[in-house]
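Could you build the full structure based on these sequences and the hints that come with them?
There are 2 protein chains.
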Amino acid sequence: MATISRKAQQMPASAIRKLVPYADAAKSAGIKVYHLNVGAPDIKSPDCALDAVRNLNLHHVSYTNSAGLIELRRGMVGKYYKKVGIELDESEIIMCVAGSEAVNLAIQITCDEGDELLVVEPYYTNYNTMCFQNGVSLKAVPTDIRHNFDIPDASVFEKYISPKTKAILISNPCNPSGKLFTKEAVLALGEICKKHDLFLISDEVYREFCYTDEPHFSAMNIPGLEENVILVDSVSKRYNLCGARIGCIASHNKEVMKAAMKYAQARLCPPVFGQYAALGALDTPQSYFDETREEYIRRRNYAVERLNSMEGVFTPMPLGAFYTVAELPVDSSEAFCKWMLTDFRLDAQTTMTTPAASFYKTPGKGLNQVRIAYVLEVPELRKALDVFEAGLKAYPGRTI
Amino acid sequence: MATISRKAQQMPASAIRKLVPYADAAKSAGIKVYHLNVGAPDIKSPDCALDAVRNLNLHHVSYTNSAGLIELRRGMVGKYYKKVGIELDESEIIMCVAGSEAVNLAIQITCDEGDELLVVEPYYTNYNTMCFQNGVSLKAVPTDIRHNFDIPDASVFEKYISPKTKAILISNPCNPSGKLFTKEAVLALGEICKKHDLFLISDEVYREFCYTDEPHFSAMNIPGLEENVILVDSVSKRYNLCGARIGCIASHNKEVMKAAMKYAQARLCPPVFGQYAALGALDTPQSYFDETREEYIRRRNYAVERLNSMEGVFTPMPLGAFYTVAELPVDSSEAFCKWMLTDFRLDAQTTMTTPAASFYKTPGKGLNQVRIAYVLEVPELRKALDVFEAGLKAYPGRTI
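Going down the list, the sequences are from chains A and B. Going by our numbering, the first sequence opens with residue 1, and the numbers climb by one from there. Going by our numbering, the second sequence opens with residue 1, and the numbers climb by one from there.
Since the hints were derived computationally from the structure, they do not count as laboratory data. No false leads were slipped in.
So the derived list for chain B, only partly shown, Cβ under 8 Å to chain A, looks like this: (1) Ala2; (2) Arg6; (3) Ser14; (4) Leu58; (5) His59; (6) Tyr63; (7) Gln108; (8) Asp112; (9) Asn126; (10) Asp197; (11) Leu241; (12) Ala244; (13) Glu255; (14) Lys262; (15) Tyr263; (16) Gly274.
We put the CB at the ideal spot given by N, CA and C, even for glycine.
Okay, here's the thing in C-alpha cells:
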C-alpha cells in the first residue's frame with residue numbers, strides 16, 4: 001500500500017478542532033454546549049453585503065481576474081483603506097481566499113524552506129501549521145500573561161533573530177490574546193525590521209475590534225518601512241462574513257506583489273460570490289461598526305471581570321479582537337477542556353474552550369491557560385461562565 | 001531592502017495569462033478579441049444552483065465544517081457520485097476551494113520535497129506550478145499529437161518511474177489536449193500503479209464532457225487499487241460555476257483523508273456561498289447535461305474540421321473536455337499568439353490562443369502548437385476562426 005508523504009504524516013492537526021468529536025458526542029447525548037472556543041460570532045452581517053449576493057444577476061459564474069474584481073480592489077482602496085488611514089494604490093492589493101491564504105502567501109513570498117519566521121507568543125496556531133506546510137521554521141519570542149503580553153524590549157527581542165530570520169509576523173489586535181499593540185510597540189518592531197532588514201507581515205484582520213480611544217495603528221504606516229511591510233487582511237471578522245472566504249494581501253513592495261500575483265494565478269481566482277459580498281460590504285454604515293464595538297465591549301467587560309472573580313483564575317484586560325487568554329488553577333488545560341466535554345454537566349450544560357498550549361512554541365508555556373472567545377451575548381455568556389466556574393470547581397485536576 | 005524568497009522569485013508565471021496585457025491593450029484600442037484561450041465557457045449555470053444562492057436566508061456567514069457542509073458531502077455522494085457510478089462514503093470526501101486546492105492537497109499528501117510526480121504530456125500547466133510550490137519534481141511521459149496523444153505502453157511508461165516517484169497524476173478528459181483516456185488505458189495505468197505501489201491522482205473535472213458512447217471510466221473504479229487512487233473533482237466546469245471555487249478530494253484511503261482533513265482545517269473552510277450553489281446544483285436535470293454535451297459536440301466538430309482544413313494545421317479529434325491542441329505552420333507559437341494580439345487585425349478583430357509549450361516538460365516539445373478552447377457558439381467560433389486563419393496566412397514567421 002502506497003504511503004503518504006512524511007510531511008502529511010507529521011502535519012500538526014488543528015488543536016482548536018481536536019476537541020470537536022467530544023463536543024459532538026456531548027450534543028448527541030442532549031447536552032447543551034456553550035461555544036467559547038471559536039471566533040465565530042453571532043453578530044449579523046451588514047444587509048448591504050448579503051443583499052449584494054442575493055441580488056446578483058449572473059447567468060454563469062466565471063473566473064474573475066486572479067487578483068479579484070477590479071471594482072472590489074478599487075473599492076477596498078478608495079472606500080475602506082482610505083477611511084482607516086492606509087494609503088494604497090489599486091496595484092498594491094490582491095484579493096485572497098480569506099486571511100488564511102494571505103498569510104500563507106506572505107510566508108511563501110518571504111521565506112524559503114529552512115528559513116525562520118519570528119512571531120510573538122502566544123500566536124494564532126495556524127501560523128505554525130502554515131510554516132510547517134512550507135518547510136519554514138517558526139520561532140517564537142515569549143511574552144508574559146502577567147505582564148499583559150507586552151513585546152519585550154528590542155535588546156531582548158533581537159536575541160531571537162538569526163541569519164535565517166526573514167520576517168516577523170504579528171497579529172494586531174492579536175488572536176488569541178486580544179492584545180492590541182500600541183503605535184509605539186509597532187514603531188519599535190519597525191525599527192527592528194529596519195535594522196535587520198526583515199519583512200514585517202502584519203495580520204490586521206481584527207482592526208475594527210479595538211477598545212481604546214486611540215485609532216488602530218497599522219504597520220503600513222511605519223515611516224520608512226514601506227518596502228518591508230506586507231499587510232494581511234480579511235472581511236471575515238469585520239463584517240461577520242467568515243464563510244465568504246475573502247481577504248487580501250497588500251504591500252508597497254512591487255516584487256512582493258509581483259510574486260503574489262504568480263501564486264494567485266496558480267489558483268485562478270478568489271471565490272466570486274464572496275467577492276460580491278465584500279463589494280456590497282463596502283457600503284456598511286459606520287453605525288454598524290460602532291454598535292458592534294459597543295456590544296463587544298459589554299461582552300469583554302463581563303467576561304474579564306467574571307473570570308478574574310473566579311478563585312485562581314487570571315486574565316489580563318484585552319484591548320482588541322474578541323478573545324482573552326486566561327490562566328486556570330488546573331494541572332492541564334487540555335485535560336480540563338476535554339473533561340468539561342466528556343464528564344462535566346450542570347443542568348445538562350457544559351462549555352467548550354480552547355487549550356492554549358498550541359499558541360505557544362516555548363516548551364511548557366500555556367499549559368494551564370485557555371483561550372476564551374467572548375462571542376455570546378451577555379445573558380448567554382453569564383450562563384456559559386456559570387457552567388465554566390462550576391466545572392472548574394469540580395475538576396479533579398484542580399491545583400488549589 | 002529585504003529580498004523575497006528564491007522560491008517566489010523562481011515561481012513560474014502563468015503562461016496562460018502572460019498574454020493578457022497584450023489582449024487588454026488591443027481591447028483598449030477598440031479591437032475585438034475572440035477568446036479561444038481560456039476554459040471559461042458561456043453556457044448558463046443551472047437555475048437551481050444560482051437560485052440556491054439568491055434565496056439563501058443567512059443572517060451571518062459563518063464557517064462551515066472544514067470538510068464542507070455535511071448536506072453537501074452527503075448530496076455529492078448520494079446524488080451525484082452514485083449516478084455516475086462512483087461509490088463513496090461521506091467520510092471519503094472533503095470539499096475544497098475548487099479543483100485547484102484539491103490537486104495541491106493531493107500533491108502534498110503523496111509527495112515530499114524532492115519526490116517525483118509523473119504526468120502525461122501535454123498536461124495542465126498549473127500541475128507544474130503546484131509541484132514547484134511544494135518542492136516536488138514534475139516528470140513528464142511524452143506522447144505524440146500525431147498518435148492521438150496515446151499513453152505509451154507500460155514498458156515505455158515505466159522507464160520514467162524512479163525510486164523517487166510517488167504518484168501519477170492524470171487529467172481525464174485532459175486539459176489541454178481534450179484526450180479521453182479509455183477504460184483500457186486507465187486500467188493499464190492502474191496496473192503500473194499497483195506494480196510500483198504508486199498513488200494515482202485522477203483529475204476528473206471534465207467528466208461530464210465526454211463525446212463517445214461509452215461512459216467515462218473513473219480511476220476510482222479500478223479494481224484492487226482502492227487504497228492508491230485519489231480523486232480530484234470540481235463543480236466549476238460541470239455546472240459552469242468556475243467562480244464559485246468549489247471542488248473536492250476523495251479517496252478510499254483513510255490515511256489520505258485524515259491528512260487531507262489536517263490541511264483543510266488549516267484553511268478553516270471552503271467558500272460558503274459557493275457550497276450552497278454546489279448544493280443547489282445537485283438538482284440539475286439530466287437535460288442540462290445532455291444539451292450542454294450536444295452544444296459542445298457541435299462546437300468541437302466545427303472547430304476541428306475547420307482547423308484541419310487550414311493549410312499546414314493539424315489537430316486530432318478530441319473526445320472530451322472543450323479544448324484541442326493544434327500544430328501550426330509557425331516558427332514559434334508563442335510569437336504567433338503574441339503577434340496576433342499586437343499586430344494582426346481583420347476588420348478590427350483578432351484572436352487570443354494559448355501557446356502550448358507550457359503544457360510540456362520535454363525540451364522543444366509543443367513549440368509550434370497552441371491550445372484552442374472551443375467555448376464560443378458556432379457562429380462566433382466561425383468568425384473567430386476566420387480571423388485566426390487570416391492571421392496564420394499573414395504571419396511573418398510562417399514556415400510553409
